[in-house]
Structures are given as C-alpha cells and as structure tokens.
Amino acid sequence: MSTVTVIDPTMTATREIEFRDALREAMSQEMRRDPRVFLLGEEVAQYNGAYKVSKGMLEEFGPRRIIDTPISESGFAGMAIGAAMMGLRPIVEFMSWSFSLVAADPILNNAPKMLYMSGGQFGCPIVFRGNDGAGGQLGSTHSWCVEGLYSNVPGLKMAIPSCPEDAKGLMTTAIRDDDPVFFLESERMLGMKGHVPEGDYLIPFGQAKVRREGTDCTLVSFGRPVNFCLDAAAELAKEGISCEVLDMRTIRPLDIDSIVRSVRKTNYCVVVDQSWSFGSPGSEVASQVHQHCFDDLDNFVHRVHSADVPTPYAFNLEQEYLPNARRICEAVRSCLYRA
Amino acid sequence: MPTTVTMPRLSDTMEAGTVIKWHVKEGDTVATGDVLADVETDKATMEMQTYDDGVVAKLLIGAGDRVAIGTPIAVIAVDGEDASSAGAAKSAAAAPTTAAAAVATNDEAPVVVTGTVVMPSVHADNGARARISPVARRMAEELGVDINSLRGTGPGGRVIKRDIEAAATRKGSGAVAAPASIMPVVAAPAPAAAASMPVVAGPGSREVAVSGMRQTIARRLVESKSTIPHYQVSMRFNMDPLLELRKMLNAQLEPQGVKLSVNDFIVRACALAMAQHPYFNASWAGDRIIIHGEVNVGVAVSLPAERGGGLVVAVIRNADQKGLRQISLDTRALAEKARTRGLGPEDMMGATFTISNLGMYGVDNFTAIINPPNSAILACGAAVERPVVRNSQLCVGTELDATLSLDHRVIDGAMAAEYLTTVRHNLENPATLLV
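Chains as they are written, first to last, in numbering that gives the first Met the number 0: chain F, 0 to 338; chain V, 0 to 434.
It is worth saying that the hints were derived from the structure and are not from the lab. Nothing here was measured: the structure is a model prediction, and the numbers come from that model.
Derived DSS-like pairs (lysine-lysine); straight-line CA-CA distance at most 30 Å: (1) F/Lys237 to V/Lys336; (2) F/Lys51 to F/Lys192; (3) F/Lys237 to F/Lys208; (4) F/Lys237 to F/Lys264; (5) V/Lys321 to F/Lys264; (6) V/Lys258 to V/Lys246; (7) V/Lys336 to V/Lys20; (8) V/Lys321 to V/Lys336; (9) V/Lys321 to F/Lys237.
The following block holds chain V by itself, in its conformation from the complex:
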C-alpha cells in the first residue's frame, strides 16, 4: 500500500497549512526523517518530515497551495511498489474518497480569506450514526464542543479524546469565551481578515502579503474584542523600593550572569497574586467559569522585522512556583528563541494570564486586548520619575502605570481593584517577592 501524506496539525490552533516549498520532487527516494516540505501554519513556518521510507510517487498540491489539515498532499510508494501506478491510483482516489479533500479543493480560495476550515460533519456520510468514543462525547458536552463540526481521527473517523481537546483549544483561542449562539463552534467565517468596508488601493499605495501569523493576530483579536465585554482598570505603583532592590540584586548576581528586569518582578507579582484572586487565572466557558490549576503567565514578545515582525506570546509555566531568577532565565530564553529560531507550539500554549509591557519603549500607559481564553491582560508602561507627594511632601519618585483589561463575564470592577491592590502591595514591598 502506498502511504498518503496528509497536511499535519503542527500547532493547536492550526486549521490549514500552506506548503511554502517542496524539498522533494516526484521520483525522489526518501527515508524516514527527510524533510519533505516547509509548511506555514498560522503561527510559524515549520519543516515537515516523512515517517516512511520510499519513493515520492506523487505531489498532490503545489508550492503556495493552502489546504485543510488532514488533506492528502503527497503519496509515497514504499519498498517494491511501482511508484507511478501508486501515484496514479492514489491521486485518482484522493479527491472523491475523503470529504477533507473535497473541502480543500472547493474551498481553496475561501480558506485563504477566512482562515477557517469547515470540517465535514461526522453525520455526513449517508446519515450514518456519529462514531465517537464515550469519553469524547462526555468531554464535548462539558467543553461545549459541537461534535458535528469535527472530523474524527480515530479508526473509521471515530471522534476521540484528542479531537475534542484540539477543538476545545481551537475554540479556546476565541469561541470558548462566548455562548454558542453568539459564536457557533463550526467556525463561521470570522470577520477577521475580511475588511468590513471595501478597501480601494489608490495611487501610490502598495499591497503587502499577509503572513499566517498576521492572519492569526487579526482573527483572534477581532474575535476577542468583538465577543469579550472588555473594560479597563488602572493603577499607579510606587517603584522606588523595587528599583532599589533590583539594583542591589543585579549587582550581587552579576557574577552569575543573572540580570533581573522590571518585567520579571511584575510577572512574579501577578503570578503570586493569583493565590488570593483565582478568577484572574480563569476562562469563561459559555455557561460556567473554569479556574485553571496552573498559573501560566504569557509574556507578549514582539518580533523583529527580519523575522516578519508581529508578536507572539511566550508562556512562563507555573510562574507562581518559580523564583525571580527562574522567571528571568525562562523569559530571556523564550524571547531569544522567539527572535532567532521562532517559538514552537509548546512554547506558546496554555497561557492563563498575559502581560504586555511597552515600558522599554518609553510608553506611559496603554490598554491591551485580552488574549483568549484568558480573562485578563495587564498592560504596563515605563517606570518614570515624576513629582510625587509623599508624607505631605513634594518630592521626586519613580512610578509605573499599569492597566488591566478584563472580561466582565468573569471579573467585576471591584475584583479588579482588589487584584491590583494585591499586585501593588507585592511590587511596593518587593522583599515579599523574594520568598
């Protein structure tokens, strides 16, 4: 039997992928581990390897083509098979046999526009009964996933646990936050990339192709801003004690190559505050709130122009259990990786709260859009010297403005004020962050 290579799922939120470049051509001999193609996902461009030894019998899509995950994209004839007949047989069969292929062929253009793929229904085949494992059915109910929107990856198309988990994660990146009536699970064309008003390119204008990452940013943030009832609460922190402590620690830690940033303190202060304020580490799930067991703090990292620009969220896992030194090391390693090699899906998954810091650019204050399925994001400005009144005396102090954006379905204003008060206490009494 020749092996059909399908578009793999290379990230949790990936729905379709583009073959940027084929590294093999028909007739090439390949061995397990050889790179077949560069595939662009919604997040990054990644190498796709073969898991079979054999001869490339057929490439089913061209470079630049974008297809849904699961769509056959190449056929590999394994030892002893006639490569040409294997390729012919398979390419003839590929389109009509699998619904996924049909979607890919029909929807090639729409897929590009919407960035979403409508999966064929599990009920689709002759009205046959849905095949789904018991735990998958139960999880779908609990997580509010519509099983009719899924294509199962188990035998005979059975929907299994991992399919529900993947759907919930996809959904979590936007729709988990909303009741089904507002945000149907079958990914309706999100208004993301499609401009709401016709845009005419006037004289002197130029067009820039949009990367997968830019499309993801567009889609997810439109979903976030249009479905989550955002509001903001700000607070100003006295940073003098923290800066003094930081200066002392960095002087002492310099021989060990440790340099703590103000942001490292903020990550720890926010993470520690979750113990008293669990709703800031939670997600709206349609009919209930899920309070997460781990505190994973996402840190927004901007990418340099030579890497295509844009922004990713690197995740510091279990940040409430890590000391400043570890938070600093983790953050620096992730930022470095993001700016050089690019982050892998595992580096970006599972944030439960996000911090965006534009302090290093001299920004006084700003507001951020919630990173779904989080319920809150903290936007930090720079620590700046200002005239301040302390003990009824006018003097010079260093202050930092921070603004929380909140999901009102989960967090009310007074809760936000209490959370910020705890964060302020942590930052203004920074010795508490050391233990």
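Okay, chain F solo, but in the shape it has when bound:
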C-alpha cells in the first residue's frame, strides 16, 4: 500500500504519526475541550483498546469518561444514544463494524430518526466508530463493509477516511457534529503513517479531495480503496493514461459537485468501492453521475467492488476479492475502450 502524504502549506505544524494516533489525538483534544464528550466500548479503557486507538486515554480522562463495556453492542449503543439525547456527546467504539449488526435497531432505527420523530426535541450527537472491511483473513462474518447497508438510512452522516490526516480532521468534525456520524476505519490502515497537523484540525463534511490530478479518467473512491486507486493510477500512468483520483472522505453527505466537475473534464468515470455492488455507495455514485453527466460520458460508469460473495478466508482469495489495483487498472482500460 502506498503511503499518502498530503502537506497543506497553510498548516502551522505537522508531523508523521500513525492513523490510530491521529484518531486518538482528535478524540483527546475534543475531550479536553468539551466535558460532554466520552468514549465507551469493549476494551477501550483498561486494555487501551483492542487496536490501541485509545491507548493512555483512561489515565488522562479516568473511568467515568473512558468506559469499558460488556460484550453487548445493542446494550451499550442504546445506552449511548440515550445519553446523546440527554445532551452528552458519546463516542461509541465498535471493535469491528461487523459487531454493530447486533445493534442495528438502536443505531439505525433510533439514532438517525430521533430528531425527526421527536419533532426536533431530541437530537442525537453521537459518533459510532470502528474497523470496517476486510481486516486480513478474518473470515466472512468479521469482514463486513457496512457502508452499503448503513448509508441507505436518511438522517445519519458517514465519514470514511483514507489517510491519517483525514482521520484526525474528519473525527474532530464528527465529534462536533450534531447528527449521528458513522465513522468507518480500517484495521489495515491503523498503522499507516502520514503528516497530520497539530492542534485543532477540522475537515468539513461533504468536501472531496483530489488526491491525484489527471485528465483521462476520473476514479471516485473513499476509505482504504483510495490507496488502491493511487497505486492503479501510478501503474496506468506508465501506459499514458492519466487518472484523477477523487477521495470522497464522506459519502453522506456526498460531494457530487466535485465528481461532476472532474467527469466533465475526463468524460470517463470509474467508481471504486469495497462494499458489495448491489445497492451500494458505488451504485449511488454511478447513478448520480449518469444523471448529472449524461452528455459528458463516453462510456457508462464502470464500478469496481468486492466480489459478490461472502468474504473468503484464504489469503489469495481475499486479495482477489477486494477491489485491488489490478482490477482497477482493468476497469479503467475497459472504460476507456483500451482493453
């Protein structure tokens, strides 16, 4: 995987830290700033987090704000939603988004609808966060990409960072947001290093970032596959194909304007999304591109998704199942009629 280093000259100071450090920094800074913010989840306190994201936070903030929960997602997610309705700002860590499925009723049926159903009396300012997607040979039940399922629900926001800088900037924005934010991380990226600004750092939701400029084909992605897209773009550049890689950063809200601007320039669009293809963010993006760019397209929007099967356990099959750089290259060539 390529390391993405994005340096914004306007930043006062950056240093290289890991993705997990960037998440912790955002949470800790917000907890210092706002006493209503607290973190709960399995093993987040005494064990420093199953993936060490919350390392040291118990020492700083104490057990009233860094809370170890029983293995009961439905219970602690529901409790946190109640706390949010009463004015606190909880951060709920799911060890894996795969485990959030047992909490579907509170997180999908309560949190995103609360503001609507209460006629504006109760909001739900909460962040659900955890590892999403294939973590590396975790098998079918522990490798869920929930963006396809969950982004379907109105009332929630969904942020999916692809690099440490965005992890911090989007997490800070998520904690300050008044709506429930589904924050999707990846076990495969927690150790990724990158330049991250110190101090307060917010990335507004609904603003895609051009990770690589290009003229021949627009690659639209979010989260971990953005890095696969950058690898593919480097490979395709050797063939004289110049790809523009757009990192959506949030898919709800979706920055369709940036996609449209790019596709009007390139006339080709390939969407790369690691969820399954049927009823996915990728299919939604394709639909919107077809709507807004119909007269700008030289080919239908091509999509690269995880294969339409339960995630395989075997290493080689899992690699092939994911939207890897080779599959992205093939889709781009096909879209550009160069296959």
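Chain F is already provided as a structure; the job is to place chain V on it using the hints.
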C-alpha cells in the same frame, strides 16, 4: 480465436494505407513487437508491428494493395490453434461480415484516385439505431461532424469520443473551414488528385508515381485554396537592428552550440503577437470561430529529393512560451528529424499558425496557401540590402518582405494590417523578443 490484424490508423489524417512490403509470410511464427509490414500512409511509411504472439495464418492483401483503415489485412493464429483452419475460416468470413472489408474490396481503385474512403454508415445495418456515446453525440454536434459518416470503434460499432476527435481532425485538415453545404463531411471525392482536364501523355513525356505525401499535399491544398477565401497583405520590415542583435547573440552563444536563425526570431515575433491578435491563432468552424488555447507555430520544411521530396509542416508547440534558444533547438531538431528519419504524426499535428520561409533561397517575396485549419500563413522572403530612405537620407538598409495569406471568414484586412504592425514592432525592436 485467431486474431485479425486490421489496417491501423497511423496518423490523424490517414484514411487508407498501402502495404508496401510484407516482412512475414504465411506460416511464420511472430512475437509481439515483430514488424509485420511497411505501411505507407498519407504522410510517411511506417513499420506496423504485431501485438500478438502466434503464427501468421493468412495474409489477406498483397504488397502494393491499398485499403481503408480498419480493413482486415492478416490473420494470426494464437497458441495452439490450427493456423491453416484459422486462416481459412477468417478469410472466408472477412469480406462479407464487415462493411469495411466490402468497401476495401469494391473501392480499391477509387480509393487510390480520390484518396478518401467513404465509411459505412452507423445507420446502415438494417436501419438499426445509431450507437453512439452521449459525449460523442454532443461533440459531433459541436464540431459539425456527421455521425452517419463514421464507423465506430467502440463495442458493437459504438461511435465514441476518439472517433469524433479523429473525424474532426480529418475534417480540420480541410472541411472544418467550410459550411457543410459546401464541404460535406462524408468525404466526397475531393477534386484533388483527379485532374480537371484530361491529360494526355505526349511523346517524350514520362510518368512519375505519386507518393502518399504528394497526394495529401494535392488534396489538402486544393481543398484549402478552393474553399477558403484567401487574400494577401504584405509588409516590409527593417531588419538592421535584428541582424545586429543576432550577430551579437550568436557570437556570444557560439561556445554553447546555439545558432539563432532569422526564422527563429520570426517564429517568436509571430507567436508573441498572438496575445494581442488571437484571431490569427484561430480556425473557422462552419458557424463559429474557434480561438485556440495553445500557440503552435508550424514551420514548413522541405524534404530532400533522396527522401522523396515534398514538404512537411513541423510544429513548434507553445511557441509563445518558448525563448529564442528553445525555438531554435526545437526547429533544428524537427528539421533534422524530417530530413533523416521522417517526422512522426505527433511532430506534425496541431499547428495553429504556419510560417513558410524561402529567404534562404534568395526569394524576395511570395504568397503561400493557408494550411487548414489555420486562418493565416506568413510567407517570408530573404533579408536583402536595398537603398532605403531613413530620416530623409538615402542609405543602405536590410529589409525583409513578408506576405500574410488570410482566411477572410476569420480575419479582415485591417486586422491583418494591425497584426503585421505588431510583428514589425517585434522584429524592429528585437530586444523585446529576448524577454
């Protein structure tokens, strides 16, 4: 599946190609990158390589045959296939299945005469709906390309963006300059090569075969001269300050191997003038004028007899952004390449203004034919010493006569005079060309 090798498009304006020589014969084993044949296009003779490994099952046309691009010309059996059956199956299928093949077979002679190929219509098959991508449809409308004249290269014959771009470039080489009623897009046999009066070979006369390049020159210049309302405006420039500056610069730059020609100064003077006079960097597009974003100055280069003679236009890209040194280096490299190896299509595409200079032959002045889709061409004579009057005194000065040929649809006479005045200012105050 055996692979069918078709006549490739080797240049933007290429419509048909001639296999000059086959480098392989049936039964030969070939690997990717091997040269299959020498193909003569309208511009040059180029090597055609194979993109497949396998055995040559069948050569579908002979050396000397000229066919439309896209026409099957050979069949390669890939690993494990029976070469003889692959060849037989394919050659039987080739002619009737694709319209392109039919065109090639029927039109072999006319193709040679007209230098154009009528592409089968996208509507042709059983009146089926045209398959065309949305952006291709939009571009066709914008560029005035008739989609019925195209054969799509996308799946199922879908007309896609590159087909429109290729058609627009082909058209740009002549027809973009004229309304559709005058110059139909479906390349009507241009009056180019066909002589208007019967020519009888009398005693003592001899015939010379015409190269692809000569046919292109004939076709494009007849199109240009017969469809563009040409007129000329001339101006005389005082070259004394420029020659003095050039002498000084060349003396100083000699250790670096840089030798600036008068033409290099003219290229820069013309290119810089485009900022004030964008219509000289423009094309007539039927119902509107396209002002180009880049200033690409074409320089006419004559080829020596041993390369078949003729003339090509080498393109100095973004000439307005290049200094004299770079213009000089680019021009020299392109001229050298043109006279030795021959220019590739990328060296000749995209000129937005052209300069023809016969000064080195001692020509005082002449007029040139516009190089479509340009709107203007500057014809330069030699810088010669003449008796001149300066400050009411008769003295000896060096002067150069330049004549602009212009497309009156884009540029009016007063505009031409203003452009030449700017060029004159640039040349007569040559220090301005240094910055």
